[in-house]
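Here the protein sequences come in this chain order: B and Z.
Here the first sequence is numbered in my numbering, starting from 18 and rising by one per residue.
Here the second sequence is numbered in my numbering, starting from 106 and rising by one per residue.
FYI, nobody ran anything at the bench for these hints, they're computed from the structure.
Treat each hint with caution, since some may be false.
In silico lysine to aspartate or glutamate, DMTMM-like type, Cα no more than 25 angstroms apart, as pairs [stated by the list, open to error]:
no.	chain 1	residue 1	chain 2	residue 2
1	Z	K174	B	E61
2	Z	K108	Z	E171
3	B	K39	B	E61
4	Z	K174	B	E84
5	B	K57	Z	E116
6	B	K55	Z	D187
7	Z	K207	B	E84
8	B	K55	Z	E150
9	Z	K207	B	E61
10	B	K58	Z	E116
11	B	K26	Z	E150
12	Z	K207	B	E69
13	B	K39	B	E75
14	B	K26	Z	D187
15	B	K35	B	E75
16	Z	K207	B	D102
17	B	K55	Z	E171
18	Z	K207	B	E119
19	B	K39	B	D102
20	B	K58	Z	E171
21	Z	K108	B	E75
22	B	K57	Z	D172
23	Z	K108	B	E20
24	B	K35	B	D102
25	B	K58	B	E69
26	B	K58	Z	E150
27	B	K55	B	D102
28	Z	K174	B	E119
29	B	K57	B	E69
30	B	K39	Z	D187
31	B	K57	Z	E171
32	B	K26	B	E69
33	Z	K108	B	E119
Just so it is clear, the structure is predicted and the values come from calculations on it, not from any experiment.
Take a look at the letters that make up each chain.
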Amino acid sequence: DTEVTQTPKHLVMGMTNKKSLKCEQHMGHRAMYWYKQKAKKPPELMFVYSYEKLSINESVPSRFSPECPNSSLLNLHLHALQPEDSALYLCASSHGRTGLTEAFFGQGTRLTVV
Amino acid sequence: DAKTTQPNSMESNEEEPVHLPCNHSTISGTDYIHWYRQLPSQGPEYVIHGLTSNVNNRMASLAIAEDRKSSTLILHRATLRDAAVYYCILRVTNAGGTSYGKLTFGQGTILTVHP
Chain B
18 DTEVTQTPKH LVMGMTNKKS LKCEQHMGHR AMYWYKQKAK KPPELMFVYS
68 YEKLSINESV PSRFSPECPN SSLLNLHLHA LQPEDSALYL CASSHGRTGL
118 TEAFFGQGTR LTVV
Chain Z
106 DAKTTQPNSM ESNEEEPVHL PCNHSTISGT DYIHWYRQLP SQGPEYVIHG
156 LTSNVNNRMA SLAIAEDRKS STLILHRATL RDAAVYYCIL RVTNAGGTSY
206 GKLTFGQGTI LTVHP
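So that you can see chain B by itself, here it is in the shape it has in the complex (with noise of 0.2 angstroms):
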């Protein structure tokens, strides 16, 4: 199994609301990332996690709030976000944070701020 499954894959949400994306992958990875991409664009890294803790946050607004609750399982919480934050947020994962070790990413969430 080499995939890293993301859900939803679309979201439509309010600026009031709050919902969350979920990331999952059963490789055995140890490491694990949040990026965000605006249309044609590349995708921008917004959190790294490696076993389970965060060890980079690239300058994210507070509105944005990773979890990693197990090996498997990344999370983003996303409270009070702004329309220009609509983007396709990716997740990856791999078996180290070094060179050595290639990412897996998934399909993606693709989430509208109204």
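Please build the complex by placing chain Z on the supplied structure of chain B, with the hints as guidance.
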């Protein structure tokens, strides 16, 4: 972070080889060169990676210059399914430092394949 430079776009004909270049003049000795591609409406997909020697796998070949300041991704026979954005990324190996653990995408090369 060490940066990569790629052409914005390239075109190829189906069943012809494609050579996608990448410059990374500030690469450090322990940075791995990774290539990913992103097909329309999909998440990025790993293609290949290497350190110093040329690498082959079922998808592509990676040719790395002797000074490691550039590399080339080679698709031996392009198909319509290979039309995608191709990203060349440097991934550090040494623990510590601000770049450790990052997988940072540059602008990439949009590859168009003509039938």
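To see whether the hints hold, each was checked on the structure:
| no. | hint | result |
| --- | --- | --- |
| 1 | Z:K174 with B:E61 | holds, 24 angstroms |
| 2 | Z:K108 with Z:E171 | holds, 18 angstroms |
| 3 | B:K39 with B:E61 | holds, 18 angstroms |
| 4 | Z:K174 with B:E84 | violated, 38 angstroms |
| 5 | B:K57 with Z:E116 | holds, 18 angstroms |
| 6 | B:K55 with Z:D187 | holds, 22 angstroms |
| 7 | Z:K207 with B:E84 | holds, 18 angstroms |
| 8 | B:K55 with Z:E150 | holds, 17 angstroms |
| 9 | Z:K207 with B:E61 | holds, 11 angstroms |
| 10 | B:K58 with Z:E116 | holds, 19 angstroms |
| 11 | B:K26 with Z:E150 | holds, 18 angstroms |
| 12 | Z:K207 with B:E69 | holds, 16 angstroms |
| 13 | B:K39 with B:E75 | holds, 20 angstroms |
| 14 | B:K26 with Z:D187 | holds, 24 angstroms |
| 15 | B:K35 with B:E75 | holds, 22 angstroms |
| 16 | Z:K207 with B:D102 | holds, 22 angstroms |
| 17 | B:K55 with Z:E171 | violated, 36 angstroms |
| 18 | Z:K207 with B:E119 | holds, 12 angstroms |
| 19 | B:K39 with B:D102 | holds, 17 angstroms |
| 20 | B:K58 with Z:E171 | violated, 31 angstroms |
| 21 | Z:K108 with B:E75 | holds, 17 angstroms |
| 22 | B:K57 with Z:D172 | violated, 32 angstroms |
| 23 | Z:K108 with B:E20 | violated, 29 angstroms |
| 24 | B:K35 with B:D102 | holds, 14 angstroms |
| 25 | B:K58 with B:E69 | violated, 29 angstroms |
| 26 | B:K58 with Z:E150 | holds, 16 angstroms |
| 27 | B:K55 with B:D102 | holds, 9 angstroms |
| 28 | Z:K174 with B:E119 | holds, 21 angstroms |
| 29 | B:K57 with B:E69 | violated, 31 angstroms |
| 30 | B:K39 with Z:D187 | violated, 29 angstroms |
| 31 | B:K57 with Z:E171 | violated, 33 angstroms |
| 32 | B:K26 with B:E69 | holds, 24 angstroms |
| 33 | Z:K108 with B:E119 | holds, 19 angstroms |
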